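*Asks:* Top line first, the protein sequences correspond to chains A and B. In terms of this note's numbering, the first sequence opens at residue 1 and continues consecutively. In terms of this note's numbering, the second sequence opens at residue 1 and continues consecutively.
Keep in mind the hints are simulated off the structure, nothing from the lab. Worth double-checking, as some hints may not be accurate.
Think about it this way: if two alpha-carbon atoms lie no more than 20 Å apart in a straight line, the pair counts; the simulated SDA-like pairs of lysine to any residue are [said to hold, decoys possible]: (1) A:422 x A:464; (2) B:129 x A:464; (3) B:238 x A:464.
One-sided and incomplete, this derived list gives chain B residues near chain A with beta-carbon spacing under 8 Å [to be verified]: (4) 129; (5) 177; (6) 179; (7) 182.
This structure is a prediction, so every number in the text was calculated from the model and none was measured. Ideal Cβ positions, reconstructed from N, Cα and C, are used throughout, including at glycine.
In case you want the letters, here they are:
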Amino acid sequence: MIVMRRFRNLPVTLRVPLITAALMIVLALVASQSVLGALDRVQDARLSETARLHVEGLSVALGPSVLRQDVWEVYDILDRARLASDGQRLLLTVVADERGRVLAATDPHRAPVGVEAAAFGDGAVAPEAVRMTGDPVLRVTSPLQYQGRTIGGIVTELDVTDLLAERRQVTLWLLFGNALATGVLAFGGWLAVARILRPVGAQVQAMDASGGAPRPIPHAEIPHGDPGLARLIETYNQMTTAVEERAEAERRLADRERFVSLGRLSSALAHEVNNPLGGLLNAADTIRTYADRPDVVRQSAELMQRGLGHLRDVTRAMLDQNRLDRAGQPLRPEDFEDLRLLFEPEALSRNLALAWEVGAGAAALASQPAAPVRQITLNLLLNAGAAAGKDGQVGLRVSNGGDRLSIAVSNTGSAMGEADLKRLLASGPLPPGGGVGLRLVHDIVSGLGGSLHHDRAEGRTVIRVDLPATGPDHA
Amino acid sequence: MHTRRSAILAGAAFCAAPLVLAQGTTPFRFALTPVFLDNDAAVISALRAALGEAMGREIELVQRRTYQEITGALLDGSVDAAWTCGYPYLQHRDQLSLLGVPVWRGAPLYQSYLIVAADDGATSLADLKSGAHAFSDPDSNSGYLVTASDLARMGTTPDNFFSRSIFTYGHRNVVRAVAGGLTRSGSVDGYVWEVLNSVEPGLTARTRVISRSEDLGFPPFVARTDRMAEAGVAACSKALQGLVQSNTGRDVLRLLFLDAVVSADPALFDGIALRMAALAGG
Chain A
1 MIVMRRFRNL PVTLRVPLIT AALMIVLALV ASQSVLGALD RVQDARLSET ARLHVEGLSV
61 ALGPSVLRQD VWEVYDILDR ARLASDGQRL LLTVVADERG RVLAATDPHR APVGVEAAAF
121 GDGAVAPEAV RMTGDPVLRV TSPLQYQGRT IGGIVTELDV TDLLAERRQV TLWLLFGNAL
181 ATGVLAFGGW LAVARILRPV GAQVQAMDAS GGAPRPIPHA EIPHGDPGLA RLIETYNQMT
241 TAVEERAEAE RRLADRERFV SLGRLSSALA HEVNNPLGGL LNAADTIRTY ADRPDVVRQS
301 AELMQRGLGH LRDVTRAMLD QNRLDRAGQP LRPEDFEDLR LLFEPEALSR NLALAWEVGA
361 GAAALASQPA APVRQITLNL LLNAGAAAGK DGQVGLRVSN GGDRLSIAVS NTGSAMGEAD
421 LKRLLASGPL PPGGGVGLRL VHDIVSGLGG SLHHDRAEGR TVIRVDLPAT GPDHA
Chain B
1 MHTRRSAILA GAAFCAAPLV LAQGTTPFRF ALTPVFLDND AAVISALRAA LGEAMGREIE
61 LVQRRTYQEI TGALLDGSVD AAWTCGYPYL QHRDQLSLLG VPVWRGAPLY QSYLIVAADD
121 GATSLADLKS GAHAFSDPDS NSGYLVTASD LARMGTTPDN FFSRSIFTYG HRNVVRAVAG
181 GLTRSGSVDG YVWEVLNSVE PGLTARTRVI SRSEDLGFPP FVARTDRMAE AGVAACSKAL
241 QGLVQSNTGR DVLRLLFLDA VVSADPALFD GIALRMAALA GG
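Required output: the full structure, derived from the provided sequences and hints.
*Replies:* So, in structure tokens, the structure goes:
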């Protein structure tokens, strides 16, 4: 199982030659088996023929002597036959009489005259049925026929050591030859397949090269000889362009989102700007009317200063939210003051109770970049405000513990829908409909290496963002 | 001397030429048995050449398996002369006469050997009881009569004494049977065993001689007594006894490891006669 999994993890340029080699080995085994099978048949036929000729020849020569029970004649014939065959193949030949007793044998020490011949016939087969069994000594038996009747029997022990050695040698040569051929062909296969699959390897490298930002394959590297592969790579190149365009679009969308969130605040902010304007105009009118009364002028001027100060703070917060030159700046407690300033009018317009608690110190905040955290928090606050509805409650709690900064935004509104949760928590494709604010939060948090947590308890929805400390203090 | 004899022989051959041609249609038939040395082609052709040269006529060498066949052929006239054994000669003493007796190691005598396998512990005939025994021929002196008469003197017979006795019809075969383990012991012609010991030491080395008989008359060349006066038979006797004088004859003698063929008195075979009496008496 593990081997299979590891095999599957191997690059395709290695897997295909390995499969080729495996197939070659299977082919070599089948071929070897067939050669050995043919050799077996040849050897069996040879053996059977030797045994048959031997027994038949002896039958003819021995007939009269066996009939006369002439021990010497039988021995003489066997002995001369043994000498004639150099004793290479025929180890022992035993001739038995009608009663199954040894009449004579080539080796009387092993088979003395007169003993039971049955013991020598153990495992013996007819000459035409003799087969190589792996045993170096095979036994053949045949009845001794003379003038149409059975007058005794012959048992012969055949030495097949040479045939076994031949078979062993052929097996070794086959093994060696096949191993060599398989090795050469597997190597050739690897070369060929590696060459064929080089464009695929290049594509895999291009995909892996810059960590999730696929790089297109240069036109020169496209194998135009292989239409299938060429089309595959061209399609891949088109996809890389599409991915780049999508990333660009997302980047633009993220930029725009900042304006979008401000846009969502605009009416509240307009109020915020408009309210002091009435007072400021009144104060200006008072100054003009009572220009000779220094105390009134001073009082009105102070009033104007406070109003203008407020306007300055609001515009600064708005500017800060959109200033690109602040990118890379560390987060400060003032950033949360700005967010409160931006969100408070929205809260007022909905008559929301705001629970604002920034517990993390300046040092803990400084480990995070200001712009993305502000964006995350503002988006979450705006969503919480919208979810809380009229007279609801919205809370912000910024705390630090261990090596991370936690920003929890809560509201007392209804629970989040499945589509919204998917936008916020999952990385899959965006469900149709709805804005991109929550997904932007998800993407920014992912980019910062943090995590998002959703909790719904006692009629309160809490979204918590945990960001790891990555700032200069923790680098 | 040599030259002179050659000239005489050449002259004789010249004078005998018409006779050779006249008798060419009926070759002289001489019987041999493989009891001595297995049908050694060299010995046979040399013997034929030597006798043919000496007798001035074609020789037909007839080979038979047993002494009985040879004796039968000799008596019924199908062969003119034969090299046989002292025992069948004595069995038909009244019908057969000696043409000559080979001389081996200086005397027309030989012994019968009792042999066992080289690793056998037996030391005498008595130790061989209940073993299988190989004889060469029931009509052979050294290959049967000696052992059978010894057993008769012990009050027994081969069939009772041995578990099994076989006839191999050849002294060399007796040695093969004992060397190969077919039988435990064998009765063999001492002359044949010694010759084999020179030419086939590998075979005799697998056997061991445990007893030797007394010296007995060497297997003789014989012919029917009533034909002894025939020119062919007389010429054969002369040719045999003259082998030592010709090159071809000496070749034969050398091949047979014999010194010569000499005339002999029937009394040479008295030892065999004694054993025959012992066997008949037992």
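*Asks:* Would you mind marking each hint as holding or not holding in the structure?
*Replies:* The hints, checked one at a time:
no. : hint          : result
1   : A:422 x A:464 : holds (15 Å)
2   : B:129 x A:464 : violated (117 Å)
3   : B:238 x A:464 : violated (145 Å)
4   : 129           : violated (17 Å)
5   : 177           : holds (7 Å)
6   : 179           : violated (10 Å)
7   : 182           : holds (4 Å)
Violated hints, listed in ascending order, are 2, 3, 4 and 6; each of the other numbered hints is respected by the structure.
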